[in-house]
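Residue numbers (my numbering), protein chains in the order written: chain A, 437 to 733; chain B, 1366 to 1639; chain C, -19 to 341.
Some hints here could point you the wrong way.
Stated by the list, open to error - For the chain B half of the interface with chain A, some residues (derived, Cβ under 10 Å), not all of them:
| no. | residue |
| --- | --- |
| 1 | Ser1369 |
| 2 | Tyr1377 |
| 3 | Ile1380 |
| 4 | Phe1472 |
| 5 | Val1508 |
| 6 | Ile1514 |
| 7 | Val1564 |
| 8 | Phe1611 |
If you're looking for bench data, these hints aren't it; they were derived computationally from the structure.
Here the structure is a predicted model, which means the values were calculated and not measured.
Heads up, the beta-carbon is just placed ideally off N, CA and C, and yes, glycines get one too.
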Amino acid sequence: MSQIANRNRNIALIFLLPAIVILFVTTIFPMLYALWLSFRNYDLSKPFIPRIFVGVSNYAEVLSSSAFLHALITTFKLMAMTLSVQLVLGVAIALLVTQKLPGMGIVRTLLLIPMMISPVIVGLVWLFLYFPELGYLNYFLGLVGISPIGWITTTGWALTAIAIADIWQWTPFIMMGTAAALQSLSPEPYEAARLDGNSRLDIFWFVTLPQLKPVLVSLLFLRAIDAFKIYDIIYVLTKGGPGDATEVISLYIYRQSFTFWRMGVGAAASFISLMIISLLITYFFKSMQRSQAMQAR
Amino acid sequence: MTASAREKTLIYLLIALVLIVFMVPIYLILASSLKQPVDMFSQPPKFIFTPTLQNYYDLFTMRPFHLQILNSLIVALGSTAFSLVVGSLAAYAISRIKNKWINEVSFWILSMRMFPPITVVVPYYIIFKTVGLLDTPLALIIVYSTFNIPLTVWLMKGFFDEVPAALEEAAQVDGHGVIATFFWVTLPLTAPGLAVAAVFCFIFSWNEFLFALMLTGSKAQTVTVAVMSFWSSDAVQWGRIMAGSFIVLIPGMIFVLTCQRWLVKGLTMGSVKG
Amino acid sequence: MSSVALRGVVKRYGQLEVVHSVDLAIEEGEFVVLLGPSGCGKTTTLRMVAGLEDISAGEVEIAGRVVNTVAPKDRQIAMVFQNYALYPHMTVRQNMEFALKPQRLSTAEVKSRIAEAVRILGLDVLLDRKPSQLSGGQRQRVAMGRAMVRTPKVFLFDEPLSNLDAKLRNQVRLEIAKLHKRLGTTILYVTHDQIEAMTLADKIVIMKDGYIEQVGSPEEVFARPRNLFVATFIGSPSMNLVPAVVQITGKSVKLAAGPLTFDAPSSIEAQLRAGQKVTLGIRPSEITLVPDHASGLEASIEVTEYLGTEALLNLRIGEQDLCVQIPASSRPPLGQPTVRIDVDSRHLHVFDTESGLAILA
């Protein structure tokens, strides 16, 4: 390697150092501390019991608790609901919004706003709409003959209510990415298809969608990570209730740590969920690599 | 394809529907913030009402809201500036160095985004309490940077990839050092990326709630926490909440309306082959 | 019956008219090339025949049927696009299958059509590859295959060679010529490259600014260009142009251009007026070198370009530049400052300078 290239690489390595050091310090210390907590009987509600080392009993308790399992299931249920609807809606709206008609640019811009709102505010406005007895959503539903729904008060509806709010906020993200991808597609194959007379449905299904697949996978992956962590919206709308109908992982951890004050258990649950999400990510990446390798062959 | 008039009408109709769904809640925030309590939940909803600025007035008198806005600004700007510097340097390194360790490092950095925040709240609380940084903007700046730095790296890497190495080599052949080349040649070419990263770092910090709630008290409280504080154990003070919400909403809206093109470009760099 | 007929075809974008009343008749099996610089309307005309552009006025007829309002897929045409227009995520085979999907043919029929195209174009090894795994020439052949499986009455080509490098261009050009010979289908071909037009076409249609300048066989447009534009567009290196004035003294009609003064060709003498400003056109290949002691004009050599089998001499006589094309072996030795040249006045093209039109016998 030339002198210049060598020097470049060394300096580039130095460029990398601050980020690594800072991230290391700011994440490793809290992580280590949390790890320490997870092996201890750290219960703030019982200040007189010594905080002793209890081995893996916190982990055992979490893994065997039905509440944790329920939280996991609820989290995945919510993820499935929101991701699937966001995907379909996002792609559909993107198709609409990339038509070459006047005003579409403004529409695309306006539709980006929900994404940029604080999740807490999103929760608040939907709370306003869902508010028992007074919220406007039930009023408008009533206008078309639907009887009022206890959005956040009924166990059957609570998770859906949250899903709706989350879908409202994040569909624009999928739409934006899909719209950008659609606009980057080469137009010539579409002319050829038009010439040959392929139906519009065929063109969408066989020409557009396959080309969108990599982008959609990418977008969904990002959204899945965030969906797993979801907290603010639920905190505002239902705080995990009614009962535990909307208690997702992050709320389970919150309840253990800040309602029951059992920090050790909360920490153990945190690590377990971290491991779960890491496993999912690794699985995801491995299968991506596998499918890429198969395509190349 | 020349769409028929009927198709065009259908498309516009659907778009109108979509716009209504996505814009009405935002309108609600603004409208409700200007309503008197009696109009807040009137059924049928009142589109014409006597507006009042009382809620906004209350916002600033019942809470030191201007101070809280200042706190949010300090934290957001601080974290943004810090993360931009650290993050773009790292992104540059990741873009230019090609060996397998780099991929591991880059993956590790990006995985920082994947932590559920709730998992580190307690440790951060205890650590900051120990070093006496509780209830200070600095605490939040540090915490937000663990998210903003990876975000910046993710956004900027794509922009750095687009700057041809040939340009840097030309500058170096002329005798400029690596650092000078970086500042005078490479970085200016990635200015749009920096702008995008800045916007997203700012918005994330401005919008954040959980850490702000847990790590601040009365002195360093941010706007999101302040808005939620109007929700006392029995009553939700909707007017003031909506007023505060609208103010929290403003930076996001401004950025979207002014920088839309850049934002889309930055976000889709990673996913879409431009 | 003509295979394709255009009658008074006009294309307007709003108020702007880009194709002005084009009339053209293409016989069955003919290879017709629309030739012209970019922006001349040739691609727009092609697309109107294809059905990708609406026809603002006039009629397009394919196989005896007026197709103005007929969808592209029902016009019995197939098109090969400039950028291949292949579906990037589909294999070659799938590309061809998708082109046939709207025809609703039996699986057996689809298979046999694809097999035929594959055989003729030599695509068998490529069938399961995706476009990104193919070279430019291969992609172009696949694009042709995709058009072929439609078994159209007319093939439309939109500048198919412009994305290929020079060597590949010659190869694929040859393949297109062979394909035409083999299939005998009518072809309408658009290009800006006059070499493609000259080598491939039965009939060349030269267009400029939305107008047809001349229609004729390659020999016709080369030997008898109707105006200055066609004369300089066709032929490489392009025709030498010499401004001259008609001088009539008694019975002799001369075309005077300083030291280059010629007797007017007898066939057109009668059409010339005294003092008429004309432009003389002389093809580089029609200027001959004469030995020193003979008659002819002396010209100074500016640049000699050696091309292997030929050489181009860039000469200057007085104020006039001339390009001469000669066999390489005849070129003057390096360092020689002048040569003597001669022009047979029978090879002179005469154009009226003001109108640009050729003065023909």
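*With 10 Å as the cut and Cβ atoms as the points, is B/Val1508 at the interface with chain A?*
holds, 7 Å
*Quick one, is the B/Tyr1377 hint okay against chain A at 10 Å, beta carbons?*
Constraint on B/Tyr1377 satisfied, holds at 7 Å.
*Let me know if the C-beta of B/Phe1611 comes in closer than 10 Å to any C-beta of chain A, holds or violated.*
holds, 9 Å
*At a threshold of 10 Å, is the proposed contact between B/Ile1380 and chain A supported by beta-carbon distances?*
holds, 6 Å
_B/Ser1369 as an interface hint toward chain A, with CB separation required under 10 Å_ = Since chain A brings no Cβ nearer than about 13 Å to B/Ser1369, farther than 10 Å, the hint is violated.
_Under 10 Å is the threshold here; is the Cβ of B/Phe1472 close enough to any Cβ of chain A for the hint to stand?_
holds, 9 Å
*Interface hint status, B/Ile1514 versus chain A (Cβ within 10 Å)*: holds, 6 Å
*Would you settle whether the hint for B/Val1564 is holds or violated, based on the nearest Cβ-Cβ distance to chain A being less than 10 Å?*
OK, holds: B/Val1564 within 10 Å of chain A, min 9 Å.
Against the hints set out earlier in the document, a violation occurs for number 1 only.
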